[in-house]
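Residue numbers (our numbering), protein chains in the order written: chain A, 1 to 150; chain B, 1 to 150.
What the hints contain is simulated information worked out from the structure, not anything from laboratory work. The C-beta atom is built at its ideal place from N, Cα and C for all residues, glycine as well. Take these hints with a grain of salt, some might be off.
If you anchor each label on the Cβ, the simulated ranges turn out as follows [said to hold, decoys possible]:
hint: 1; chain 1: B; residue 1: 106; chain 2: A; residue 2: 147; range: 33 to 39 Å
hint: 2; chain 1: B; residue 1: 90; chain 2: A; residue 2: 53; range: 35 to 41 Å
hint: 3; chain 1: B; residue 1: 48; chain 2: A; residue 2: 61; range: 33 to 39 Å
hint: 4; chain 1: A; residue 1: 111; chain 2: B; residue 2: 52; range: 47 to 53 Å
hint: 5; chain 1: B; residue 1: 60; chain 2: A; residue 2: 41; range: 22 to 28 Å
hint: 6; chain 1: B; residue 1: 143; chain 2: A; residue 2: 19; range: 45 to 51 Å
hint: 7; chain 1: A; residue 1: 55; chain 2: B; residue 2: 137; range: 35 to 41 Å
hint: 8; chain 1: B; residue 1: 22; chain 2: A; residue 2: 19; range: 55 to 61 Å
Rough simulated footprint, nothing fancy, chain A against chain B, three-plus residues with beta-carbon under 8 Å [as the list claims (entries may be wrong)]:
hint: 9; region: 10-21
hint: 10; region: 36-49
hint: 11; region: 84-93
hint: 12; region: 109-122
hint: 13; region: 126-138
Going by beta-carbon spacing under 8 Å, a handful of chain B positions derived as facing chain A [as the list claims (entries may be wrong)]:
hint: 14; residue: 32
hint: 15; residue: 63
hint: 16; residue: 97
hint: 17; residue: 101
hint: 18; residue: 102
Protein chains: 2
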Amino acid sequence: MSENRLQEAISTLKASGVRITPQRHAVLEYLLNSMVHPTADDIYKALEGKFPNMSVATVYNNLRVLREVGLVRELTYGDSSSRFDCNTSDHYHIICNSCGKIVDFHYPSLDEVEALAEQVTGFKVSHHRMELYGECEECQKEEKNKQKSG
Amino acid sequence: MSENRLQEAISTLKASGVRITPQRHAVLEYLLNSMVHPTADDIYKALEGKFPNMSVATVYNNLRVLREVGLVRELTYGDSSSRFDCNTSDHYHIICNSCGKIVDFHYPSLDEVEALAEQVTGFKVSHHRMELYGECEECQKEEKNKQKSG
DNA sequence: TAAACTATTTATAAAGATTATAATTTAAGA
DNA sequence: TCTTAAATTATAATCTTTATAAATAGTTTA
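Based on the provided sequences and hints, a complete structural model is requested.
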């Protein structure tokens, strides 16, 4: 089925000088055939039949490698702490890639996106969430100063 | 300054039958005066001067109570695992509130939102991320079946 | 094909965020 | 003031992810 994508992915890995181990091959193949955006633990459990001695660390290592090569995207939910916000009105957040600062940002509600999503996916949408990422003014200034002095 | 908001919030708590303890009062006050969307640990550290014996659990308990009453929103980043996705093209995700299933969803890039955000906040935006939440078709059906049989 | 080099895997422990438990304390109404 | 249920504290446990060091195994080169 996705044999082509698998071969392409392996070529990409080889071109990046990444070794093709059986475990790595299996993680990649599993991800390519999966439609459900599995967690690291999902993958670990799915492969433990074939690789009874495989360590969780191996799954994480391979996911990191695949991400670095650009073959896999990570949807982070578990890499930092929850944030708490007293502003309970609808708004979005813009987050600085450098210093982590979170700033509120208002924009008219994207009802249109919700409506289209309902049509396409059959979901009954309750709400949505959006975060913008970038570099805040302060960090931009610091960046410029570094370039000057450096 | 935000003395009014504090009094309002306390009224809301009392109306919900929630006790006003010194620790709870402090957490609430800190959140109302904070503009940076603090983590639970931020709050814990900020209050340990005033309450040297306070437990982290107290902070978490109070944040949960404040959330349940609707005074606080939680931006979850740390409540579940990362998800991994082989589809590295731009797309959004729609997530089922009941079963947790994640489905890809395509929509024209929201360049307009990014442009406005740059103007308003001064950030240099690199990318954005959006998730829609709702109930998938399967879970909607199950819900209907329950209502019939129940 | 064998040897060598180094990336990868494994096993284990550690870190960090959050929740659970049980005993003690305390807010708020009678 | 007394009472009672709720809240707090201290502690341990859970869960995800990362770090470390020793063992293993891909890949290149002779």
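Hints, one by one, checked against the model:
For residue 106(B) and residue 147(A), the Cβ-Cβ distance of about 38 Å falls inside the hinted range of 33 to 39 Å, so the restraint holds. Evaluation of the 35 to 41 Å hint for residue 90(B) and residue 53(A) yields a pass: the beta carbon distance comes to about 38 Å. The hint said 33 to 39 Å for the Cβ distance between residue 48(B) and residue 61(A), and at roughly 37 Å that hint holds. Checked against the given bound of 47 to 53 Å, the beta carbons of residue 111(A) and residue 52(B), roughly 49 Å apart, stay inside it.
Checked against the hint of 22 to 28 Å, the pair residue 60(B) and residue 41(A) passes, with Cβ atoms roughly 24 Å apart. Hint check: residue 143(B) to residue 19(A), Cβ distance near 48 Å, so the stated range 45 to 51 Å holds. The hint said 35 to 41 Å for the Cβ distance between residue 55(A) and residue 137(B), and at roughly 38 Å that hint holds. Taking the beta carbon of each, residue 22(B) and residue 19(A) are about 59 Å apart, inside 55 to 61 Å as hinted.
Here's how the region 10-21 of chain B fares: 0 of its residues keep a CB closer than 8 Å to some CB of chain A, so the rule of at least three is not met and the hint is violated. With 7 residues bearing a CB less than 8 Å from a CB of chain A, the region 36-49 of chain B meets the requirement of three and the coverage assertion stands. A count of 7 residues in the region 84-93 of chain B with a Cβ less than 8 Å from any Cβ of chain A is obtained; the coverage claim is therefore met, three being the minimum. For the region 109-122 of chain B, the stated coverage by chain A is satisfied: 9 residues place a CB nearer than 8 Å to a CB of that chain, which reaches the threshold of 3.
For the region 126-138 of chain B, the stated coverage by chain A holds: 12 residues have a C-beta nearer than 8 Å to a C-beta of that chain, and at least 3 were required. Nearest Cβ of chain A to the Cβ of residue 32(B): about 5 Å, under the 8 Å cut. The hint holds. Using the Cβ-Cβ criterion of 8 Å, the hint placing residue 63(B) at the interface with chain A is satisfied: the shortest such distance is roughly 6 Å. Among the interface hints, the one on residue 97(B) holds; its C-beta lies about 6 Å from the nearest C-beta in chain A, closer than the 8 Å criterion.
Given the 8 Å rule on beta carbons, the hint for residue 101(B) holds: about 7 Å separates it from the nearest Cβ of chain A. Proximity of residue 102(B) to chain A holds as hinted, the smallest CB-CB distance being about 5 Å (cut-off 8 Å).
This entry does not satisfy hint 9, going by the numbered hints stated previously; all others are met.
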